[in-house]
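As you go down the protein sequences, you meet chains R and L in turn. Letter 125 of the first sequence, counting from 1, is numbered 133 in our numbering, and no numbers are missing. Letter 481 of the second sequence, counting from 1, is numbered 483 in our numbering, and no numbers are missing.
Check before you lean on any hint, since a few could be wrong.
Derived DMTMM-like pairs (lysine to aspartate or glutamate); straight-line CA-CA distance at most 20 Å [stated by the list, open to error]:
#1 L/66 with R/185
#2 L/66 with R/168
#3 L/66 with R/179
#4 L/388 with R/179
#5 L/66 with R/183
#6 L/271 with L/481
Simulated DEER-style distance windows between Cβ atoms [as the list claims (entries may be wrong)]:
#7 R/100 with L/4: 38 to 48 Å
#8 R/145 with L/479: 41 to 51 Å
#9 R/144 with L/394: 17 to 27 Å
#10 L/130 with R/134: 53 to 63 Å
#11 R/80 with L/18: 30 to 40 Å
#12 L/273 with R/167: 39 to 49 Å
#13 L/269 with R/167: 37 to 47 Å
#14 L/147 with R/186: 25 to 35 Å
#15 R/80 with L/58: 43 to 53 Å
#16 L/58 with R/144: 42 to 52 Å
#17 R/134 with L/228: 28 to 38 Å
#18 L/433 with R/44: 45 to 55 Å
#19 L/478 with R/179: 48 to 58 Å
#20 R/145 with L/228: 22 to 32 Å
Non-contacting residues of chain R with respect to chain L, defined by C-beta distances greater than 12 Å in every case (computed) [said to hold, decoys possible]:
#21 47
#22 50
#23 104
#24 107
#25 121
#26 122
#27 129
#28 138
#29 147
#30 178
Hints listed in this document are in silico derivations from the structure and should not be mistaken for laboratory results. The C-beta atom is built at its ideal place from N, Cα and C for all residues, glycine as well.
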Amino acid sequence: MSLSRRTVLKQGMFASALLALGGSSFLALREGLSLPVPEEGLQVFGPAEYATFQALARRAFPAREGFPDADTVRVAFLADRLLARGDPSIAREVRQLLGLFDNALAGLLFTGRVTPFSRLPPEAQDAVLEGWRSSRLVFRRTAHQALRALAHAAYYSHPDAVRATGFVAPEGFHDPDAPVWRGSADGAFAGSGGTSR
Amino acid sequence: MMGRIWTGDELTEDTTLTCDVCVVGSGAGGGVLGLELAKRGLDVVMLEEGGYHTRRDFDLDEAKAYSTFYQEGGNRATDDLAISIFQGRTVGGGTTINWCACFRTPPEILERWRDVHGVKGLDTAALTPHWDWLEERLSIRDWPIEQANRNNRILWDGLGALGYSRGTVKRNVRACAALGTCGVGCPTDAKQSTLVTLIPEAVEKGLRLYANASVRQLSTQGVRVTAVHADVLDPATSRPSGRRLTVNAKVTAVCGGAINSPGLLLRSKLTGRGNVGKRLFLHPVVISQARFRERVEAYSGAPLTVYSRQFIDRGPGKLGWLLEVPPLLPLQSAVALSGFGAEHQEHMASLPHANALLSICLDGVHPGDEGGTVALRDASEYTRFKVRYPLRDFHWEGFREALKVSARIQFAAGAEQVMSPHSRPVVMRGEKDIALLDRAPYSPLECSVVSAHQMGGCAMGGSPQTSVVDSTLRYWDLDNLFIVDGSVFPTALGVNPMETILGVARWGSQHVAAAVGSTA
Ligand SMILES: Cc1cc2nc3c(=O)[nH]c(=O)nc-3n(C[C@H](O)[C@H](O)[C@H](O)COP(=O)(O)OP(=O)(O)OC[C@H]3O[C@@H](n4cnc5c(N)ncnc54)[C@H](O)[C@@H]3O)c2cc1C
Ligand code: SF4
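Just chain R, with the same shape it has in the complex:
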């Protein structure tokens, strides 16, 4: 559920220094994957962050019989919409994080590679993700957790993904027209609980 995050980039001098360096270096400007922006537009992500997140989602949800793929579910698009509903500070942090994640300089420091994450072949992307997951640096593990949770929350908010798990929501119980009581002046008592008069 948690499209978690947190001050992943504020977790110490190391991360802040990396971010500062990233912005000013030639390597950091190496372009990542480019994907067409959804026709509905993006509310939080920029095009680069959108593409990075979708690249990550493709590794989170590899092709599997019965399950829709990351592109069908449009994971990055749904993640963008989830972030738009939350506190803007979270969206800001996730964007920063994706920038760092795809950053070639960070790649060089952490993995020895200078290709942005989103342009790596799938096996190399898996290795990068594993590196963040199991890193000795808490801030990298935090970053992995934030992106993983956001991807899972977005993917499993799609009805086809939910169906693929075998879960069927109980039907016939929800009444979208149920009256909404606001006080005695509105008539019937709100709950089934009645009163204790």
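Following the hints, put chain L with the ligands in place on chain R, whose structure we already have.
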């Protein structure tokens, strides 16, 4: 006076109200307090930052539910993301989206509050009449084992096979259809949350409830709170609409729950001599996931109906835990359960065969276990607080032993595979593999931890040097400010907290009411 419920869209201009008591928050604490005060004929205004969501909105869509009815859209967590924190944010607070397990407070916890923390007058005898009343009013009844779903039955059978103590749980339901969807709001109003019980009754007795009203600050002068300042939120976006709601009350009761109540006090520069935001307890939970050959369908049936306190007391200096099972709805499972990529999808594909076991750890009762802290973040961060909860060797030892016990129980009940909550799960295929848990990594984010029971942050106690409120729930340094919710607990409980909060609030309502009299 006629009560009513208003929502943010109806508040189209800045508004100032006067009343006897302003209650901030409508959850377990606020709901009870509001009714008890209204019953006494007091003029009560209740402000709730969440929306007014009713069964019309409880359409069982998980994504919508978490992002709408939970604090921070379901994303609240400690600063390092090592502990995910689930907490309600809607009229009824946690009672609207919780799993209906009801327990009276263990007597030894109340004794500890008296003996170690100096709390006076709050013991089993004092709370019993309130629990009796609440159990009648909220239809809190045993859910017999014959009605347990397969998920709970697995726990029951596993505990029985190993000779461990076990019990069935009381639930606050009426005509429950056992849908299993309590965590996303009950679509039938079977759950006797404060949303459908005490709050409507209070409104009938005159309480004025304003939903989408986020209290930002309390103004104080001398030893008194003089005004409560709230931002009106747009119900569609939960962002400030630009309108303000100000309440001038004789007495103010903060019932925002652990984390938000200390947060509001800190925003108001009320630090309780440095004690506000300290002693935050989370009942940290580790989850052991199992796969069974047969279908378990842990997403269906009454979610939480069996428990064991066999391991609650492992002796001095050792973290103990309560055992229960959670419902496994897909989205929540996807985020809470371990693994990534193909491995994670494998778990999700076998969701109908999954069982999970919660080890809910009792924090705050061992020497040196001070829990976590709540502090403020940037002013621009509207819903977020800086929550820290250091996990130490003490916790990891408990988590590791709890996972071993869980695996044994799951195997004893017939599991074909058990998985740990590590980010790279330890996969066990039989008893002999349980030793693998000893070699797994135990550190933040390598082993995931969650919390659905937040307590503390405004601890009650016998001295203003060590606590935030006195034994009448009054803020030590102000005459007309009370805190009435789970944040006043000086320790965690070792049982699910709702009934304790309800009972403490009903007990505490006498003190709040008396303060109105004394200031009238
Ligand atoms: C998924 C889940 C399952 C659970 N299952 C169980 C269970 O089975 N049994 C059990 O005993 N417990 C359970 N709990 C825990 C239980 O619901 C809580 O412990 C309890 O509701 C806390 O009561 P409270 O009064 O302290 O706060 P809450 O019930 O959280 O109420 C606080 C309210 O105040 C509002 N608020 C906060 N700040 C402000 C502000 N500044 N302005 C206005 N309003 C504000 C919040 O939006 C919220 O609605 C569960 C919790 C969750 C999340
Ligand atoms: S299990 Fe009962 S109380 Fe929970 S959502 Fe279903 S009908 Fe409501």
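Against the structure, the hints come out as follows:
Only pairs whose Cα atoms come within 20 Å are accepted, and residue 66 of chain L paired with residue 185 of chain R is accepted, the gap being roughly 18 Å. With a C-alpha separation of about 16 Å, the suggested pairing of residue 66 of chain L with residue 168 of chain R holds against the 20 Å cut-off. At most 20 Å may separate the alpha-carbon atoms for a hinted pair to count; residue 66 of chain L and residue 179 of chain R meet this at roughly 17 Å. A threshold of 20 Å between alpha carbons decides the hint, and for residue 388 of chain L with residue 179 of chain R the separation of about 40 Å lies outside it, so the pair is violated.
With a CA separation close to 16 Å, the supplied pair residue 66 of chain L and residue 183 of chain R stays within the 20 Å bound. A threshold of 20 Å between alpha carbons decides the hint, and for residue 271 of chain L with residue 481 of chain L the separation of about 16 Å falls inside it, so the pair holds. Between residue 100 of chain R and residue 4 of chain L the Cβ separation comes to about 45 Å, which falls inside the hinted range of 38 to 48 Å. At roughly 42 Å, the beta carbons of residue 145 of chain R and residue 479 of chain L sit within the given window of 41 to 51 Å.
Between residue 144 of chain R and residue 394 of chain L the CB atoms are about 18 Å apart, so this pair conforms to the stated range of 17 to 27 Å. For residue 130 of chain L and residue 134 of chain R, the hinted distance range of 53 to 63 Å is satisfied, since their beta carbons lie about 58 Å from each other. Against the hinted window of 30 to 40 Å, the Cβ-Cβ separation of residue 80 of chain R and residue 18 of chain L comes to about 53 Å, which falls outside the hint. Take residue 273 of chain L and residue 167 of chain R: their Cβ atoms lie about 48 Å apart, and the range 39 to 49 Å holds.
Distance hint check: the CB atoms of residue 269 of chain L and residue 167 of chain R are about 40 Å apart, consistent with the given range 37 to 47 Å. Between residue 147 of chain L and residue 186 of chain R the Cβ separation comes to about 33 Å, which falls inside the hinted range of 25 to 35 Å. Against the hinted window of 43 to 53 Å, the Cβ-Cβ separation of residue 80 of chain R and residue 58 of chain L comes to about 31 Å, which falls outside the hint. Taking 42 to 52 Å as the suggested C-beta distance range, the pair residue 58 of chain L and residue 144 of chain R conforms, at roughly 50 Å.
A hinted range of 28 to 38 Å is violated for the C-beta pair residue 134 of chain R and residue 228 of chain L, which are about 59 Å apart. For the pair residue 433 of chain L and residue 44 of chain R, the beta carbons lie near 53 Å from each other, so the given range of 45 to 55 Å is met. Under the hint 48 to 58 Å, the C-beta atoms of residue 478 of chain L and residue 179 of chain R, about 53 Å apart, fit the expected range. The supplied range of 22 to 32 Å is broken by residue 145 of chain R and residue 228 of chain L, whose beta-carbon atoms lie about 48 Å from each other.
The beta carbon of residue 47 of chain R sits about 22 Å from the closest Cβ of chain L, which is more than 12 Å, so the claim that it is off the interface holds. Every beta carbon of chain L lies more than 12 Å from that of residue 50 of chain R, the smallest distance being close to 17 Å; the non-interface claim holds. Under the 12 Å C-beta cut-off, the non-interface status given to residue 104 of chain R relative to chain L holds; the minimum distance is some 14 Å. Here residue 107 of chain R stays apart from chain L, with its beta-carbon at least about 18 Å from theirs, past the 12 Å limit.
Taking the minimum C-beta to C-beta distance to chain L, about 19 Å, the non-interface status of residue 121 of chain R holds against the 12 Å cut. Residue-level check passed: residue 122 of chain R sits 24 Å from the nearest beta carbon of chain L, beyond 12 Å. A cut-off of 12 Å between C-beta atoms confirms that residue 129 of chain R is not in contact with chain L; the least separation is 15 Å. For residue 138 of chain R, the shortest C-beta to C-beta distance to chain L comes to about 8 Å, within the 12 Å cut-off, and the non-interface label is violated.
With a cut of 12 Å on Cβ distances, residue 147 of chain R falls inside the contact zone with chain L, its closest approach being about 8 Å. With a cut of 12 Å on Cβ distances, residue 178 of chain R falls inside the contact zone with chain L, its closest approach being about 5 Å.
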